[in-house]
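Trainee: Sequence:
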Amino acid sequence: MTKSELIAQLATRHPQLLATDAELAVKTILDAVSKSLAAGDRVEIRGFGSFSLNYRPPRLGRNPKTGEKVAVPEKYVPHFKAGKELRERVDFPAT
Numbered sequence: 665m666t667k668s669e670l671i672a673q674l675a676t677r678h679p680q681l682l683a684t685d686a687e688l689a690v691k692t693i694l695d696a697v698s699k700s701l702a703a704g705d706r707v708e709i710r711g712f713g714s715f716s717l718n719y720r721p722p723r724l725g726r727n728p729k730t731g732e733k734v735a736v737p738e739k740y741v742p743h744f745k746a747g748k749e750l751r752e753r754v755d756f757p758a759t
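Just add 664 to wherever you are in the sequence shown, counting from 1, and you've got the numbering used here.
Just so you know, these hints were derived from the structure itself, not from any lab. Warning: the hint list may mix true and false statements.
Each computed SDA-like pair below joins lysine to any residue, with the alpha-carbon atoms no more than 25 Å apart [said to hold, decoys possible]:
| no. | residue 1 | residue 2 |
| --- | --- | --- |
| 1 | K739 | D705 |
| 2 | K745 | K733 |
| 3 | K699 | F712 |
| 4 | K667 | R677 |
| 5 | K667 | R751 |
| 6 | K745 | L674 |
| 7 | K739 | P722 |
| 8 | K745 | R726 |
| 9 | K733 | F712 |
| 10 | K739 | L717 |
| 11 | K699 | T676 |
Pair ranges (Cβ atoms, derived) [claimed, not checked]:
| no. | residue 1 | residue 2 | range |
| --- | --- | --- | --- |
| 12 | T684 | L724 | 24 to 32 Å |
| 13 | L674 | F756 | 35 to 43 Å |
| 14 | D695 | Y719 | 18 to 26 Å |
C-beta atoms are modelled at their ideal positions from N, C-alpha and C, and glycine is treated no differently.
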């Protein structure tokens with residue numbers, strides 16, 4: 665599901681919302697999550713999951729085209745951990 669599809673589904677499920685209001689709501693939520701992560705904070709949405717930052721230390725990588733060694737700097741990357749309720753909802757028995 666893309667952001668546009670999420671906005672369309674939100675507007676369809678709640679007819680009292682205009683499509684522009686649904687778009688504003690989705691963008692506001694995503695912006696708040698992004699800003700919190702950029703500030704180094706953890707974001708927890710009960711029943712859904714949590715977003716946090718994982719530290720990746722500096723390492724020596726390789727340029728796949730030339731095989732040359734390249735220094736890859738340290739960085740923080742976003743990490744999502746699904747909550748118990750979400751894990752249970754998507755866990756269906758294999759057939």
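Trainee: Below or equal to 25 Å on CA atoms is what counts here, so check K739 against P722.
Mentor: With Cα atoms ~8 Å apart, K739 and P722 stay inside 25 Å; holds.
Trainee: Does the Cβ pair T684, L724 satisfy 24 to 32 Å?
Mentor: About 49 Å separates the Cβ atoms of T684 and L724, which means 24 to 32 Å is violated.
Trainee: CB of D695 to CB of Y719, is that within 18 to 26 Å?
Mentor: Holds - the Cβ-Cβ distance for D695 and Y719, about 24 Å, lies within 18 to 26 Å.
Trainee: Look at the Cβ atoms of L674 and F756 and judge whether their distance stays inside 35 to 43 Å.
Mentor: 25 Å Cβ-Cβ, so the 35 to 43 Å window is violated.
Trainee: Regarding the pair K699 and F712, is the alpha-carbon distance no greater than 25 Å?
Mentor: holds (19 Å)
Trainee: For the pair supplied as a hint, K745 and L674, is the alpha-carbon distance within the 25 Å limit?
Mentor: OK: K745 and L674 at ~24 Å, within 25 Å.
Trainee: Quick one, are K739 and D705 close enough, alpha carbons at most 25 Å?
Mentor: Roughly 16 Å separates the two Cα atoms, so the pair holds.
Trainee: Is it true that the CA of K667 sits at most 25 Å from the CA of R751?
Mentor: Between K667 and R751 the Cα gap is close to 22 Å, so the pair holds against 25 Å.
Trainee: Is K745 within 25 Å of K733, Cα to Cα?
Mentor: Judged against 25 Å, a Cα distance of about 33 Å means the pair is violated.
Trainee: For the pair supplied as a hint, K733 and F712, confirm whether the alpha-carbon distance does not exceed 25 Å.
Mentor: violated (41 Å)
Trainee: Is the Cα-Cα distance between K745 and R726 25 Å or less?
Mentor: Given pair K745, R726 is violated - Cα atoms ~30 Å apart, limit 25 Å.
Trainee: Would you check the hint for K739 and L717, treating anything up to 25 Å between C-alpha atoms as holding?
Mentor: Between K739 and L717 the Cα gap is close to 10 Å, so the pair holds against 25 Å.
Of the hints listed earlier, those the structure fails to meet are numbers 2, 8, 9, 11, 12, 13, in rising order.
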